[in-house]
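Those protein sequences? They're chains F and E, same order as listed. Just so we're aligned: the first sequence equals residues 1 to 338 in the working numbering. Just so we're aligned: the second sequence equals residues 1001 to 1438 in the working numbering.
In short, the hints are calculated from the structure, not lab data. A hint or two may mislead.
Simulated restraints on C-beta separations [stated by the list, open to error]: (1) E:1016 to F:24: 23 to 33 Å; (2) F:249 to E:1435: 54 to 64 Å; (3) E:1288 to F:28: 25 to 35 Å; (4) E:1007 to F:212: 28 to 38 Å.
Nothing here was measured: the structure is a model prediction, and the numbers come from that model. Glycine is no exception: its CB is placed at the ideal position from the N, C-alpha and C atoms.
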Amino acid sequence: MSKLITVSPSPHIHSGQSVEKLMYGVVIAMMPAMLVSFYFFGLGAIYVTLLSVASCVGFEYLIQKFILKQKPSITDGSAIVTGILLAFNLPSSLPPFIIIVGALLAIGVGKMTFGGLGNNPFNPALVGRVFLLLSFPTRMTKYPLAEGFNTPLLIPTNDNLDAVTGATPLGLVKEGLKNGESITSIFQHNGINYTDFFMGSIGGSLGEIAAFALIIGLVYMLIKKIITWHIPVSIVATIAVFTGILWGFNPESYADPLFHILTGGVLLGAIFMATDYVTSPMNPKGQIYYGIGIGVITVVIRVFGVYPEGVSFAILIMNGFTPLINRYVKPRRFGKIS
Amino acid sequence: MGGVHPPENKLSTKSNITELPVPKAVIIPLGQHLGVPAKPLVNKGDDVKVGQLIAASEGFVSANIHSSVSGKVLKIDKALDSSGYTRDAIFINVEGDEWEDSIDRSPEIKKEISLSGAEITKKLAEAGIVGLGGATFPSHVKASVPKGKKAEYLIINGVECEPYLTADHMIMLEKPEELLVGIEIIKKALGVSAAIIGIENNKPDAIEKLSDIAGSYSGTTIQALKVQYPQGGEKQLIQAILKREVPSGGLPIDIGAVVFNVGTVYAIYEAIQKNKPLFERVVTVTGKSISKPSNFKVRLGTQVSELIEAAGGLPEDTGKIINGGPMMGKSLASTEIPVVKGSSGILIIKDEESKRKEIKPCIRCSKCVSVCPMGLEPFLLGVLGEKSMFARLEEEKVMDCIECGSCSFTCPSGRPLLDFIRFGKSNVGRIIRSRKQS
Chain F
1 MSKLITVSPS
11 PHIHSGQSVE
21 KLMYGVVIAM
31 MPAMLVSFYF
41 FGLGAIYVTL
51 LSVASCVGFE
61 YLIQKFILKQ
71 KPSITDGSAI
81 VTGILLAFNL
91 PSSLPPFIII
101 VGALLAIGVG
111 KMTFGGLGNN
121 PFNPALVGRV
131 FLLLSFPTRM
141 TKYPLAEGFN
151 TPLLIPTNDN
161 LDAVTGATPL
171 GLVKEGLKNG
181 ESITSIFQHN
191 GINYTDFFMG
201 SIGGSLGEIA
211 AFALIIGLVY
221 MLIKKIITWH
231 IPVSIVATIA
241 VFTGILWGFN
251 PESYADPLFH
261 ILTGGVLLGA
271 IFMATDYVTS
281 PMNPKGQIYY
291 GIGIGVITVV
301 IRVFGVYPEG
311 VSFAILIMNG
321 FTPLINRYVK
331 PRRFGKIS
Chain E
1001 MGGVHPPENK
1011 LSTKSNITEL
1021 PVPKAVIIPL
1031 GQHLGVPAKP
1041 LVNKGDDVKV
1051 GQLIAASEGF
1061 VSANIHSSVS
1071 GKVLKIDKAL
1081 DSSGYTRDAI
1091 FINVEGDEWE
1101 DSIDRSPEIK
1111 KEISLSGAEI
1121 TKKLAEAGIV
1131 GLGGATFPSH
1141 VKASVPKGKK
1151 AEYLIINGVE
1161 CEPYLTADHM
1171 IMLEKPEELL
1181 VGIEIIKKAL
1191 GVSAAIIGIE
1201 NNKPDAIEKL
1211 SDIAGSYSGT
1221 TIQALKVQYP
1231 QGGEKQLIQA
1241 ILKREVPSGG
1251 LPIDIGAVVF
1261 NVGTVYAIYE
1271 AIQKNKPLFE
1281 RVVTVTGKSI
1291 SKPSNFKVRL
1301 GTQVSELIEA
1311 AGGLPEDTGK
1321 IINGGPMMGK
1331 SLASTEIPVV
1341 KGSSGILIIK
1351 DEESKRKEIK
1361 PCIRCSKCVS
1371 VCPMGLEPFL
1381 LGVLGEKSMF
1391 ARLEEEKVMD
1401 CIECGSCSFT
1411 CPSGRPLLDF
1421 IRFGKSNVGR
1431 IIRSRKQS
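Between the sequences and the hints, there should be enough to build the whole structure, so can you do that?
Below, the structure written as structure tokens:
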């Protein structure tokens, strides 16, 4: 034989699966929810999405090239996923500097500080969102009315926000309960309607409004084997059981489980945020514990805390528990001697 | 549990088993089996016949070695084998093709088993039979049920889950009657009445053929299995058929099972009924670029290059030559390597398919965990191996790894998980051995 042949250990073939395919698969799965946000919030949503993605990819590139002196790896698609997820967690028509700060926090602090892809303990998009929520509480909880392409592209911060924005259904319920109203009367006088939750014509951040679009994304990711059912199902089931018990005690003080599941980013969180590979546990058993934790913390925050939502905090808290879960919750070993 | 679905690429299923011409010279390594290498019984210049014992087993876990050709012993010297190391081997120059008279070369199938169970086991040792699926574990050891244990089921491995390989498939198609007699022989040696042949659904012709005639052999049944790699692994096959798990660190006999590969069963039939020791076997020669993917009956000691030549020659764009299948086979450094008892196939991989993917950071997707058939965490074992954290590796059950390669195969980041796990395993194994000694 004249030329050299390769000698390497087995296996000698590869599935062809790659980081890029997985990340772009997630991007495809997010498309339905993204299109719904464009439909309801028009240019304001398109602008927020584009700026968020561009900032995330841009910051990753700049940090890798000039600070870490690495070969930039922005083509792997992970920064694009973070950018879309960050946009999904923002109201439309947000001023540009807030979005850029959010992206810097998400990529710069949430991801690259820890060593980049695969090393971040917390979901980068949520790090960005929670930072913004704490820094700009008014802007982050006032949602432009869903008026399609009549929704303004941009609402400057000094405008009279209340004239052009509304609250989320969860916010309305929280506010109403604080004022001593019953659930029935809150639903009646705010015109709260479950079909709207499903179709997306409610106030909220870009990605959380339409349950059907998020569920299409989930089905796509399950078929493509990008994620497994364990995390989304355990989160939703826990929230259903926990809120169901409370609702069973007193349906006039506690909203029903379906309301809790369809509003306030539960589906967005359960399908796209909590399933983030890097920050979630590594085996089905651990993933179920993690999902239950997120469900319980979400309901506790919503029902007993000051924030109407709670999914973001719940996921970040459970992200913190992920290394512990990985250390002590092991897959079922073959032939384990009991 | 776990598993992957690599493309099957069974290119050689249309090619009947053909006998490769006797080579001009053979190199017969002394260590072709798991255990202690055999001790040579011949010297330079000795004349040998086909089937003559030329090296004797050393101890219980070892195997006899017979000459595959007739001729003159050229020398006993070091030779490169598929492991990449040079090891002791007997070089024989071929003269004619003169067989030992004791070997029954008639084509008829002999069904009646005249030997007793103990005699069968003894004869398996004499004939140098080892597991031909690749592990090359001496068959007489497997057929000897240890005191205090009881065999309940004989399981026959006709899964051949490695992509490309078809040697076992062809044996099932061409030698079904011999296989069923071989199964009766092993049943007798083990003292069991039930045998189950496990075959994956991608070989419907083999399932049909064996089912047709299995009716006349009581206690032997065929079980069709869904296609999944690594179902041909001993522990995985037992789990699929009996729904029992071999305990960690234990053996199949601990749960009443004994597994033999189809190729081994055929060799056992020949050894017991035809008095023919193990000196030839069926080898698949295949690959996308190979012009005539084939199944050859090959005399052990024949060089790999001769097999490739007979299958149409080595293509220009060859990047890798593998002894075995693409998932668990060993890549060869040269084609000047002898076929041995454990050689199930020669696979030629094209240049563009022979390079590994670029290594990216682990994204913790947990796909390696979900495909691991042993319920291990390859991502973790890989990192622990890389960092030489052997105590923790042992705690995380690294020794349970069967090295099926599903983790590396599936990793989207192209991480060489199994490389690091093997490194860890070899070190943990060394530590465990030294602990036992002290």
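Here is what the structure says about each hint:
Separated by about 46 Å at the C-beta atoms, residue 1016 of chain E and residue 24 of chain F break the suggested range of 23 to 33 Å. Here the CB-CB span from residue 249 of chain F to residue 1435 of chain E is close to 59 Å, well matched to the stated 54 to 64 Å. Between residue 1288 of chain E and residue 28 of chain F the C-beta distance comes to about 31 Å, which sits within the given range of 25 to 35 Å. The supplied range of 28 to 38 Å is met by residue 1007 of chain E and residue 212 of chain F, whose beta-carbon atoms lie about 36 Å from each other.
In this structure, the one hint that does not hold is number 1.
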